[in-house]
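Protein chains: 2
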Amino acid sequence: MAVYTHVPAEEIDAFLTRYDAGRLVSAKGIAEGVENSNYLLETTGADGSGHRYILTLYEKRVDEADLPFFMDLLDHLGARGCLVPRFIADREGRRLQQLSGRPACLIEFLTGISVTEPTPGQARAAGVALGELHKAAQGFAGERRNALDVAGWHALAAKCGGDFDRIQPGLAARVVEELAFLDAHWPADLPRSVIHADLFPDNVLMLGEEVTGLIDFYFSCTDIRAYDLAVTHSAWCFSNDGATWYGARGAAIGAGYAQAHGLSEAERAAFPTLCRGAALRFLLTRAYDWINTPADALVTRKDPLAYLRRLDFYASADTSALLGQ
Amino acid sequence: MAVYTHVPAEEIDAFLTRYDAGRLVSAKGIAEGVENSNYLLETTGADGSGHRYILTLYEKRVDEADLPFFMDLLDHLGARGCLVPRFIADREGRRLQQLSGRPACLIEFLTGISVTEPTPGQARAAGVALGELHKAAQGFAGERRNALDVAGWHALAAKCGGDFDRIQPGLAARVVEELAFLDAHWPADLPRSVIHADLFPDNVLMLGEEVTGLIDFYFSCTDIRAYDLAVTHSAWCFSNDGATWYGARGAAIGAGYAQAHGLSEAERAAFPTLCRGAALRFLLTRAYDWINTPADALVTRKDPLAYLRRLDFYASADTSALLGQ
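Those protein sequences? They're chains S and B, same order as listed. Oh and the first sequence: position 210 is 210 in full-length UniProt numbering, straight run, nothing missing. Oh and the second sequence: position 69 is 69 in full-length UniProt numbering, straight run, nothing missing.
Think of the hints as simulated: they come from the structure by calculation, not from any bench. Cβ atoms here follow ideal geometry from the backbone N, Cα and C, with glycine treated the same way. One or more of the hints may lead you astray.
Said to hold, decoys possible - Derived DEER-like restraints, expressed as beta-carbon distance ranges:
1. Asp289/S x Asp318/B: 49 to 57 Å
2. Glu92/B x Arg192/S: 50 to 58 Å
3. Ser316/B x Asp289/S: 44 to 52 Å
4. Thr111/S x Arg94/B: 26 to 34 Å
5. Glu92/B x Glu64/S: 49 to 57 Å
6. Asn240/S x Gln97/B: 20 to 28 Å
7. Asp75/S x Arg80/B: 50 to 58 Å
8. Phe181/B x Phe200/S: 55 to 63 Å
Stated by the list, open to error - Quick look at which bits of chain B chain S covers, simulated, 3 or more residues with Cβ under 8 Å:
9. 16-27
10. 115-127
Start from the sequences, fold in the hints, and give me the full structure.
Structure below.
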């Protein structure tokens, strides 16, 4: 959520000459996305009409070896009508570049704003967009392991160890217990595909109740398809602190997804378990960051307990309550 | 250089309905300027053609009571042809608003990029723009005390005290000595006016060698006019670390300023002293921030010694060397 690598404007201008993108007329570092450096660029445009682009420099959190997967995925999805930002190729067809010593890409800019308090209509549109993304992902040949799958949760929990109880007494035992439940109940044979895996409201651009873009695919991976709906559900249907559950949003996301893609009986049956997994995943990454970020650091630590509250809720809810009929 | 106050997009959209500015279609937090929160907004525009604005929320470093001075100044300068961003009034004529508990303003967006390694042509254009700003400032009735004047430097030096020597042994004595020199030699009767007081390359937007905007007037105040040229000189004519002096840039800024405004013999005679003051001013604020920012904080501390090197240079240079003939 900051600009980590400062790129002189002259270097950005020179970088753009590799592309049919016009000359640079504005460059602003923007506070967006995972730990990358992002600039919003404006150029005269190839046709002189003015264009905007996102310039992304990849910092340590994104593995350069994964970038071709993300690029090919967005090409695949974009070609099938999904509103995703395309990686732009230079005149020689290269999409991946180096700039200021970092892997760097020029990416399509999409308009739209990210809502903070979704209306049911907006939640429904997000459900539709996720279903359409899953349909469009069919036939995509690329694969990427989910580093934050059940095995990844065990590894992360082991790293936090006794420090969980510094966040809240009893949390370590609760995590052990929940991991045991998920080991025993995690569904083995639900359909898998490429999933977004991080479709928070931040990553959905909208105008009114219309989705104009899905962004930030840097967690996308191959995993249980309905788990993506569970992640989205956990991100969209609660107050930030996890204390309030908004049933109308859940029903709307469920209806939107069912309309655009459909959910099988097996997926519906496993849905509360998938939601418990989604809540634990964000509880664990937030707890890890919490434990490893000094309290006086200038980055905002996100409260892990906001996801413990979601976990508590999911542990006592059935599919009809979560997604409507 | 970060977004301190996060404003939900829905609130920005609602905020914009007070203005004839169209509907919000994009909002990106940008990493710019002094310690304010800034968003780059795009709207449909009053005429549907698309417009961009800067939304600024003022954090603790800017005093709300100073905002009318800045607003009136930019109106005055803009009306006289200076390329400065105007504060935009809502339908009821109000320029100062409240948003997310902060004083907030909607401000004109200007295109252009900030250069990092100015060419002599760009340095000349900056000198011209500063001279034109000083001409346009004539007749502006507003006044604002420079908190970072000679008295302010004494106060800041006293706060740093013995900690100077943690930056570099001997620095405390050097500061005392320089303050004594400036007390004895600071010019008393040079022309004063409103000055920008912080015209770094960051605050000058350019396309090629043409200035398209002067921004970030939050240090502007009433002080010796030629001191503004000295600040600009110290910011534009050295490598970042202060170790390399670029004489061609200095001559170009001098020629540009002389062409657009002119410099009297008294101003030329005092110029090395004014430059020593400018170098000390940035040395002191950087030293204060250095001493009061933990080494492991995530903000970048700017090196105070980069301005000690400039100070050393100015202490041994004459006006002809600094500004050309």
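Verification of the supplied hints:
1. Asp289/S x Asp318/B: 49 to 57 Å: 56 Å, holds
2. Glu92/B x Arg192/S: 50 to 58 Å: 57 Å Cβ-Cβ, so the 50 to 58 Å window holds.
3. Ser316/B x Asp289/S: 44 to 52 Å: Roughly 51 Å apart at Cβ, these two residues keep to the hinted range, so it holds.
4. Thr111/S x Arg94/B: 26 to 34 Å: 28 Å, holds
5. Glu92/B x Glu64/S: 49 to 57 Å: 53 Å, holds
6. Asn240/S x Gln97/B: 20 to 28 Å: With Cβ atoms ~25 Å apart, the hint holds.
7. Asp75/S x Arg80/B: 50 to 58 Å: Taking Cβ atoms as reference, aspartate 75/S and arginine 80/B lie about 51 Å apart, which means the hint holds.
8. Phe181/B x Phe200/S: 55 to 63 Å: Since the Cβ atoms of phenylalanine 181/B and phenylalanine 200/S sit about 58 Å apart, the hinted range of 55 to 63 Å holds.
9. 16-27: Contact hint for the region 16-27 of chain B vs chain S: holds, 4 residues under 8 Å.
10. 115-127: Result for this restraint: holds, n = 3.
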